[in-house]
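Enquirer: Single-letter residue listing:
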Amino acid sequence: DAGVIQSPRHEVTEMGQEVTLRCKPISGHDYLFWYRQTMMRGLELLIYFNNNVPIDDSGMPEDRFSAKMPNASFSTLKIQPSEPRDSAVYFCASSAQQGYNSPLHFGNGTRLTVT
Amino acid sequence: GQSLEQPSEVTAVEGAIVQINCTYQTSGFYGLSWYQQHDGGAPTFLSYNALDGLEETGRFSSFLSRSDSYGYLLLQELQMKDSASYFCAVRDEPNSWGKLQFGAGTQVVVTP
Chain H
34 DAGVIQSPRH EVTEMGQEVT LRCKPISGHD YLFWYRQTMM RGLELLIYFN
84 NNVPIDDSGM PEDRFSAKMP NASFSTLKIQ PSEPRDSAVY FCASSAQQGY
134 NSPLHFGNGT RLTVT
Chain L
94 GQSLEQPSEV TAVEGAIVQI NCTYQTSGFY GLSWYQQHDG GAPTFLSYNA
144 LDGLEETGRF SSFLSRSDSY GYLLLQELQM KDSASYFCAV RDEPNSWGKL
194 QFGAGTQVVV TP
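Chains as they are written, first to last, in this note's numbering: chain H, 34 to 148; chain L, 94 to 205.
A portion of the hints provided could be inaccurate.
[To be verified] Partial selection, computed: residues in chain L whose CB lies under 7 angstroms from chain H:
hint: 1; residue: A135
hint: 2; residue: P136
hint: 3; residue: F138
hint: 4; residue: G191
hint: 5; residue: K192
hint: 6; residue: F195
hint: 7; residue: A197
If you are wondering where the hints come from, they were derived from the structure by calculation, not from laboratory data. Backbone N, C-alpha and C define an ideal beta-carbon position, used for all residues, glycine too.
All chains should be modelled from the sequences, with the hints used to inform the complete structure.
Expert: As structure tokens, this is what we get:
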């Protein structure tokens, strides 16, 4: 299995620009998560989907952030407009509903820098 | 509020044993997980405890005491490649597989 695939690996953009991060989960996994990692706040959950349906988006910072999962093999996280404080590593992760122990499988992340 | 407390850094020599403690205060508890993250890399799953006691996986073991809201990760026979950050994480909802509250992480530095 190829694991969770994220693109791009690095993104540098100017404040005010739109940024789109992409994720392909592991085939067969029912859950998809978007996490953000910063030095100040650590790993924090932004949103997660179950069977392509958003379940909990309470971690999404504000209306500038949106996420979609149009099918079981693809998800996007969009920031519009981007701000310097959005600079972070964004991880996508997936897991299978196999019982109470369903580890997260993380992608390699997208390092976003907003100048 | 919800919190997970773990030490920020631990330094040890190759071959030694390191214990990383994690105390948690969360609205619900449905298991404690541990993840390893090397610099610039993705977090990877190490272990999971839903019930009290010790779980052993090779050189790594994890322990949980639900009555004390406490767990630890034990790294034995330390190797240089074990230098990484280690995160404890709590699942605080019963049916949300993988929705985790993460601690701030413990950086383990292994010296020769």
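Enquirer: Of the numbered hints stated previously, which ones are contradicted by the structure, given in increasing order?
Expert: Going through the list in order, the structure violates no hint and respects every one.
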